[in-house]
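> Single-letter residue listing:
Number of protein chains: 2
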Amino acid sequence: MRKRRIIIIGAVAAGTAAAAAARRANPDAEIVLVDQGPDISYSACEMPIYVAGDIASDDRLVRFTPAAFSERYRVEVRVLTTVLAIDAETRHIDLLDERTGEKDQLWYDALILATGVRAHVPEALRTASHQVYVLRRLEDARALRTRLDRDASGHAVVAGAGYVGLDGVEGLTGSGWRVTLLASGGRILKGGLDPEMSLHLGRWLSSQGVQIRNERATGLDVSPDGRIRAVRTDAGERIGCDLVLAATGTRPNSELAVAAGIKVERSGGILVNEALQTSEAAIWACGDVVAYTDLMTGSSHPVPLALNAFRSGRVAGRNAARGGVGRAAAMQKVIHAAGVSVAGLEIGHTGLTLEGAVSAGLDAVAVDIRHRSASSNSPNKPLYVRLVGERGTRRLLGAQLIGEEGAAQRTNTVTALLRSEATVDDAYALDYLYTPKLAPAHDTLFVAARQLQKKLDASGRPSA
Amino acid sequence: MRKRRIIIIGAVAAGTAAAAAARRANPDAEIVLVDQGPDISYSACEMPIYVAGDIASDDRLVRFTPAAFSERYRVEVRVLTTVLAIDAETRHIDLLDERTGEKDQLWYDALILATGVRAHVPEALRTASHQVYVLRRLEDARALRTRLDRDASGHAVVAGAGYVGLDGVEGLTGSGWRVTLLASGGRILKGGLDPEMSLHLGRWLSSQGVQIRNERATGLDVSPDGRIRAVRTDAGERIGCDLVLAATGTRPNSELAVAAGIKVERSGGILVNEALQTSEAAIWACGDVVAYTDLMTGSSHPVPLALNAFRSGRVAGRNAARGGVGRAAAMQKVIHAAGVSVAGLEIGHTGLTLEGAVSAGLDAVAVDIRHRSASSNSPNKPLYVRLVGERGTRRLLGAQLIGEEGAAQRTNTVTALLRSEATVDDAYALDYLYTPKLAPAHDTLFVAARQLQKKLDASGRPSA
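Protein chains in written order, with the numbering used here: chain A, 1 to 464; chain B, 465 to 928.
Derived from the structure by calculation, the hints contain no laboratory data.
Keep in mind it's a predicted model, so treat the numbers as computed, not measured.
Where is the CB? At the ideal position from N, CA and C, for every residue including glycine.
Hints are supplied without guarantee of correctness; some may be wrong.
Stretch by stretch, here's where chain B covers chain A in the computed footprint (C-beta under 8 Å, at least three residues) [said to hold, decoys possible]:
| no. | segment |
| --- | --- |
| 1 | 55-65 |
| 2 | 106-115 |
| 3 | 286-294 |
| 4 | 369-381 |
Some chain B residues judged to face chain A by a derived CB distance under 7 Å, without partners named [stated by the list, open to error]:
| no. | residue |
| --- | --- |
| 5 | R524 |
| 6 | Q569 |
| 7 | L570 |
| 8 | W571 |
| 9 | Q873 |
| 10 | N876 |
| 11 | P900 |
| 12 | K901 |
Put together the whole structure using the sequences plus the hints.
As structure tokens, then:
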């Protein structure tokens, strides 16, 4: 019997998880793992640590080299290889080896798309200059680090205040550079924080020496020799600088899929069923390129998180490998829960923001509290919490936490409540630890839940 | 119409919460708050901070003085007043003013028992010497602190390795004393930690200079002038020392209740219904003296935690005050979730230990993992986790966490899972934050849940 051939396109978190899962599920399959870049199996979330110079080498971000992965999982790994086209009809892909320029074709029984997202740089910031950096792939981090090794200090403009922008702030300030962060409309982590919480984060970053400007980059001044001189903004300003990090969003790498007739949603995320099968039966998808079903709203859109990449890789790999034999694995619905550490501050958010809840058509309210990470008689730091809940049902919808201590792990507690469809009353009823040096007698989440109960009581069925 | 008179016996966390709630529920009631000691409304959990000398004065532990509380809530506060008897038939109590020696009687419409627990000192450690200390009430902490102010260093034997024993270790070592901890059978925090986890804690304490001995105190050597010379143990040892802290357990202060015909459970905790009414209709109970219903097992026993004291005080106060008018408030079932910080280590536990689960008749298994508080490329500390689950149902039963960072807050996440009757699979499915400086890519709880899934798979229905 001919061996089943599984091809996986993309070899970072999801792709390598898929390859490993496929191997476990099918010891005999022929598995080919393809990536456009030189690296596989690296930790993108840790790139700020490397950019900041806190670890000696980018080796520390790489879990497996191509050779090591190949040997460990008996997988053919082709790096620096671009997939030119997918033919879902005849089940083959066209490949280009970027080193040799040679083209190739490979037939598959199962194809897994783990193509991820790419940095999106708007027209205004595109230039021949090598001084506009992005921070998406390990090569990007390496290029930026090389620059910072050459120039121990300087002024960087980070255009965009999402996760990548904050990672850039962390890496650049950690490396001794002065940073101006362009946060259009004053919004930082817009997808995860409501404006009120953005403000706390902005104030903190300012206090730590980061210049925040509520502006958007609209162009570049580049010298004749290709050096960046300044960033121009929508406020008519010219901000002189030595480098620019374009943290201006990402786009799903789903063009190949679309060209092959695979269905995607509005933002380009690949649509899948619970088994992570795309609209083409022999093609699965996993990782950041996938449109996941959001547990809170039921809508489908990309939720680019490492744990989703890992989980979806396992599901897609197993299902692609089993060839109809055995029970299909299922990808769970996801909660958008994420966190970041920047300039010594912890930020965590989970579920829906008030903006997100309202735009999903929910009758939502929010409360904001400032409490403490520990008892007032112990060393403690302020902790800002916003809780979001639904009128009528009293369902807890989400939380945002910001503080120097205790924000990230408290976020997980709220996520556990959200997964159990907890009400605000359930959040209040939780048996929070009181450990004076680690948590106040009335934990910050307990206090926030109480405030949200009162707000909901004022507008609906009272709490018990 | 005569005003409703509510008497509350005991004025620490639960009693003062009850008084405040009674006042809110009934603006006209006459409320009398009685306490045997000189202090009310203090934070017992923070006494180690005071004993260690980390705060200047015991004032910092007191939320309200008797006068301030009396004014704020329009409550008559009688301190240094002992209740001699309760007559449930005629609804009155007999009182003794310890300062004047005068006796008094007070009639009530509603009585609330918030009498708490007392330190239990076994016969072997009872002595006329003032050098055997306990650590239960604020007076106890004050006495110990006074001693430590006099002698800047010395050797203390802490007899007993429960929460009070560890609080003693924290206070005494923080104050510069050398400490020997007697942990009978090698068990530390026996009610919250299985033997395997006790071991980690014991090793840490040893590494921090605390001498741990698997012995039990069986007697004292006291010099003719009343000074402690040594503690004798069941191993036949004599441990020379300058003071002894008897951390040898507590007993519910329920004798008055029993004498009044109120029903208690085996260990002396007062039995109550959901409204916290005792077996006598006009008498309620709250705080550490109450036998709460454990959510995990359905059994009733004291669960002496600050948040239970606060919650139960509110419920008892409201119900006692309403006089049958309006809807009765209900006390929730509780989860035994607690934590402590000692010698720079965080300890948290929630739900059932393996021992506790087995003795409750459950078919339970446990896994132990050692993982990290953060990513391996960031500063991180080892984190030890034990998860307990039930065969067959795959229900999560409890967790124990020990580490220098991130143990306490992760405990709350498990408590949220327990409250929603989560399975081990639900614990694995949680959307844990990955924030390299704050949590590893695969959070410690995620890794532990995976291990427990595998163990349950090996002995029952496999995971999805």
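> Work down the list of hints and note, for each, if the structure agrees.
Each hint tested on the structure:
1. Only when three residues or more bring their CB closer than 8 Å to a CB of chain B does the claim for the segment 55-65 of chain A stand; here the count is 3, and the claim holds.
2. Note: the segment 106-115 of chain A has 0 residues with beta-carbon separation from chain B under 8 Å; the three-residue rule is not met and the coverage is violated.
3. Remark: the segment 286-294 of chain A is not confirmed as covered by chain B, as 0 of its residues place a Cβ nearer than 8 Å to a Cβ of that chain, below the required three.
4. For the segment 369-381 of chain A, the proposed coverage by chain B is satisfied: 3 residues have a C-beta within less than 8 Å of a C-beta in that chain, meeting the threshold of three.
5. Interface restraint check: B:R524 against chain A, minimum CB-CB distance 5 Å, threshold 7 Å, status holds.
6. Annotation: interface hint on B:Q569 violated; nearest CB of chain A at approximately 36 Å, more than 7 Å.
7. Using the Cβ-Cβ criterion of 7 Å, the hint placing B:L570 at the interface with chain A is not satisfied: the shortest such distance is roughly 31 Å.
8. A distance limit of 7 Å between C-beta atoms decides the matter here; for B:W571 the minimum to chain A is near 32 Å, and the interface restraint is violated.
9. The beta carbon of B:Q873 is positioned within 7 Å of a beta carbon in chain A (closest approach about 3 Å), and the interface hint is therefore held.
10. At about 4 Å, the closest approach between the beta carbon of B:N876 and any beta carbon in chain A falls short of 7 Å, and the interface hint on this residue holds.
11. The beta carbon of B:P900 comes within 5 Å of a beta carbon in chain A, closer than 7 Å, and the hint placing it at the interface holds.
12. With a cut of 7 Å, the hint placing B:K901 at the interface with chain A holds, because the nearest CB-to-CB distance is about 4 Å.
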